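Enquirer: Listed here are the chains, written in short residue letters.
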Amino acid sequence: MTQTSYAPDFMTGDEFSIPTFRVLSPEGELHDEAQAPKLTRDHARRIYHAMLATRILDERMMAAQRQGRLSFYMQCTGEEAAVVGATAALDDTDMIMAQYREQGALMYRGFSFDEFMNQLFGNELDYGKGRQMPVHYGSRKLHYMTISSPLATQIPQAAGYAYGQKLAEEGGCTITFFGEGAASEGDFHAALNMASVHQVPVIFFCRNNGYAISTPANEQFAADGIAPRAFGYHMHVIRVDGNDVLAVYEATHQARKIAVEKNQPVLIEAMTYRLAAHSSSDDPSGYRAKSEEETWRLKDPILRMQKWLSHKEWWSDDEEAETQERLRREVLETMKRAEKRPSPALDTLISDVYADITPALQHQFDALKQHIRRYPEAYPRGAKSLDLDVRDDANQPEGE
Amino acid sequence: MPTMNMLQAINNALGIAMAEDEKVVCFGEDVGVFGGVFRATSHLQEKYGKARCFNTPLVEQGIIGFANGLAAQGGVPVAEIQFADYIFPAFDQIVNETAKFRYRSGDLFNVGGLTIRTPYGGGIHGGLYHSQSPEAYFAHTPGLKVVMPRNPYQAKGLLLAAIRDPDPVIFFEPKRLYRASTGEVPEEDYQLPIGEAEITKEGTDVTVVGWGAQMEVIDKAVALAEEAGIACEVIDLRSLLPWDADTVAESVLKTGRLVITHEAPLTGGFAGEIATTIQERCFLYLESPIARVTGLDTPFPLTLEKEYFPDHLKIFEAIQHSVNF
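Heads up: the protein sequence lines correspond to chains A and B, in order. 113 is the number that UniProt numbering gives to position 113 of the first sequence; each next residue is one higher, with no gaps. 222 is the number that UniProt numbering gives to position 222 of the second sequence; each next residue is one higher, with no gaps.
Read the hints as simulated data drawn from the structure, not as lab findings. Among the hints, a few may not be true.
Stated by the list, open to error - 30 Å max Cα-Cα, derived DSBU-like pairs, lysine-lysine: (1) A:Lys38 <-> A:Lys307; (2) B:Lys220 <-> B:Lys306; (3) B:Lys306 <-> A:Lys262; (4) B:Lys201 <-> B:Lys23; (5) B:Lys23 <-> A:Lys262; (6) A:Lys340 <-> A:Lys384; (7) A:Lys257 <-> A:Lys38; (8) A:Lys257 <-> A:Lys141; (9) A:Lys312 <-> A:Lys299; (10) A:Lys257 <-> B:Lys50; (11) A:Lys307 <-> A:Lys290; (12) B:Lys23 <-> A:Lys257; (13) B:Lys47 <-> A:Lys262; (14) B:Lys50 <-> B:Lys23; (15) B:Lys201 <-> B:Lys306; (16) A:Lys141 <-> B:Lys314; (17) B:Lys220 <-> B:Lys201; (18) A:Lys38 <-> A:Lys340.
This one's a predicted model, so the numbers in the text were calculated from it and none came from an experiment.
Chain A extracted, bound-state conformation:
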């Protein structure tokens, strides 16, 4: 491998060119030389349904946020093919360690609208007990690690989780999702190096969606995207059209084989576009042109898959209209249910810090309860939880 040179020739990486793997044209037709992955009608419809349901959930919840019913929201819009296509190529028991914009993965695995809503409204049925901001979902039964806000921390954790899977020898793997912005964090580099050195079955899935909040990709890195970084770690890598669900599916399907059969990590860079704002607190009109968004709207991943399904006569316009109507109705119904449910009980404030509540914390909590009993109107949620009589309209978040 080691070669000797007798002249000072520098290299930049421009010697390599990483192609983008594509299967479907924007018209939903197969590219001439491309082959469709082996997908059954039912499987393809499950994927499409998850993408569509994610889009509709996002539209309705963003609207709900604008109406003041929800404190915060983040959309997956434009990236549904990347997230759902990758998840569909895995076993349903493979671990998913996502960043925060991957609700499509949960949708594909069968997280119900009720479960989404309970988290978004932080009510008493939220698995996370109302402790985290909206969209920080988690599901043990669906093998979806609870989201944490700090970026990229999940990436080395995925390497460690996959190491445990390798030791268990049960044939499972872990996929971790992150954006091209998060790939600038030290944790990304730490993770790729450790995964490669220790040969673990993990898939690093980068959603290169063009923006980290307002910072465009060309101010995030100087190289040709994220993919070339894999060379530095001697890792398998593929770049894929992230708005082409068939390409994402096939790339991830092959990546999983490498991960599980060879115990080797793989990096996938999915080229896509964040069609929506970063979050409900962001306004992209301050940093990018509407015309740029319009060019990407024409590459809508859901439309592209819908066309392909129609060509195959696996989906019809009637079904589309019917499904959209049903999904919108279900979202609204579950939202109404979830927002009426009470907040988690006061004692969830101190549970789960440790496996058992420490005496010192119990002491602080007892003092807090006594204080709330003296000033119940100031702490309506806690007061209700203590069965104290407070006015019903007092149970509103601050500032509303």
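The hints should help you fit chain B onto chain A, whose structure is shown.
Expert: Relative to the frame of chain A, chain B by itself:
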């Protein structure tokens, strides 16, 4: 009963944990075939294989990130950070991830299997970056447990407890005592309780509290005090998080006087927390101001280490001052 130094006791504890549970995995920089720069993991790779005791790349945030993931999967990682001075690249993984894993997921997931071992403290001519005592940073983080043993017997029993504890534990090892501290240590398995202080010497005039390597310094100071006719009650806190306020408060209710000592700088040090709690609980019983004998508010020095150090003479002087107030 065999005599061991602290490294042998730690190595012995790790061996017991690995033999008992195949989910226990030890890793860190130079931890594998070399057995760690201090040799705490000697022969573990030989005995339990490369999959369960291995070197990692030189990346602390990666080591703890990897350990968090492995623990979340159900593993029992014992991750070594080579010096506590180098734990800071992993601060985010420890403070934002390890500590909050169970709480933020509503107990869907946890990293309770994780133990982080790291040598801390001065006295080895290590200067700024091989001497620090960063325990107070971590004691400020709910969700972590922080344990600091004083001798080989304590190290073995507390480390076994830490590995089996259902919560993540940072185990700070006093590296100055690694070889200097020897004592009788049972070969067999035993555990010492996390969160419980130990009264190592009873007395009536003044309570002296410390932890880790500082206990040895306290013993020297107390010997001087005894010669001067002062009866000291000595408490080894052993755990800083959670810490055993009851034992300290009971002692101070009896003696009316408290001296606290640690190597770390004064401002924001853990002695401040103890002093506040004890004045809340023992206010009417205090005969003199609570005293803190600590490092200075400077980075850890090199050539002037002796001057910086909260040594036995400084502690002795504080004891005398407290009694004669």
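Enquirer: Hints first: check each against the structure and report whether it holds.
Expert: Results of checking the hints against the structure:
Restraint check for Lys38 (chain A) and Lys307 (chain A): satisfied, since their Cα atoms lie roughly 18 Å apart, inside the 30 Å limit. Between Lys220 (chain B) and Lys306 (chain B) the CA atoms are separated by roughly 16 Å; this keeps the pair inside 30 Å, and the hint holds. Restraint check: the Cα-Cα separation between Lys306 (chain B) and Lys262 (chain A) comes to about 55 Å, which exceeds 30 Å; the hinted pair is violated. Pair hint Lys201 (chain B) plus Lys23 (chain B) does not hold up; C-alpha atoms about 39 Å apart against a cutoff of 30 Å.
For the hint pairing Lys23 (chain B) with Lys262 (chain A), the CA-to-CA distance comes to about 22 Å; that is within 30 Å, so the pair holds. Simply put, Lys340 (chain A) and Lys384 (chain A) have alpha-carbon atoms about 14 Å apart, close enough for the 30 Å limit, and the pair holds. Pair hint Lys257 (chain A) plus Lys38 (chain A) holds up; C-alpha atoms about 15 Å apart against a cutoff of 30 Å. Taking the CA atoms of Lys257 (chain A) and Lys141 (chain A), the gap is near 23 Å; set against the 30 Å cutoff, the hint holds.
Taken as a hint, the Lys312 (chain A) and Lys299 (chain A) pair is honoured in the structure, with Cα atoms around 20 Å apart against an allowance of 30 Å. At most 30 Å may separate the alpha-carbon atoms for a hinted pair to count; Lys257 (chain A) and Lys50 (chain B) meet this at roughly 25 Å. The hinted pair formed by Lys307 (chain A) and Lys290 (chain A) meets the criterion: a straight-line CA distance of about 25 Å does not exceed 30 Å. Only pairs whose Cα atoms come within 30 Å are accepted, and Lys23 (chain B) paired with Lys257 (chain A) is accepted, the gap being roughly 26 Å.
At roughly 26 Å between alpha-carbon atoms, Lys47 (chain B) and Lys262 (chain A) fall within 30 Å of each other, so this suggested pair holds. This hinted pair checks out: Lys50 (chain B) and Lys23 (chain B) have alpha carbons roughly 13 Å apart, not beyond 30 Å. Among the hinted pairs, Lys201 (chain B) with Lys306 (chain B) is consistent with the structure: their alpha-carbon atoms are about 27 Å apart, no more than 30 Å. For a cut-off of 30 Å, the pair hint linking Lys141 (chain A) to Lys314 (chain B) is broken: about 58 Å separates their Cα positions.
Between Lys220 (chain B) and Lys201 (chain B) the CA atoms are separated by roughly 13 Å; this keeps the pair inside 30 Å, and the hint holds. For the suggested pair Lys38 (chain A) and Lys340 (chain A), the alpha carbons sit about 44 Å apart, so the restraint of at most 30 Å is broken.
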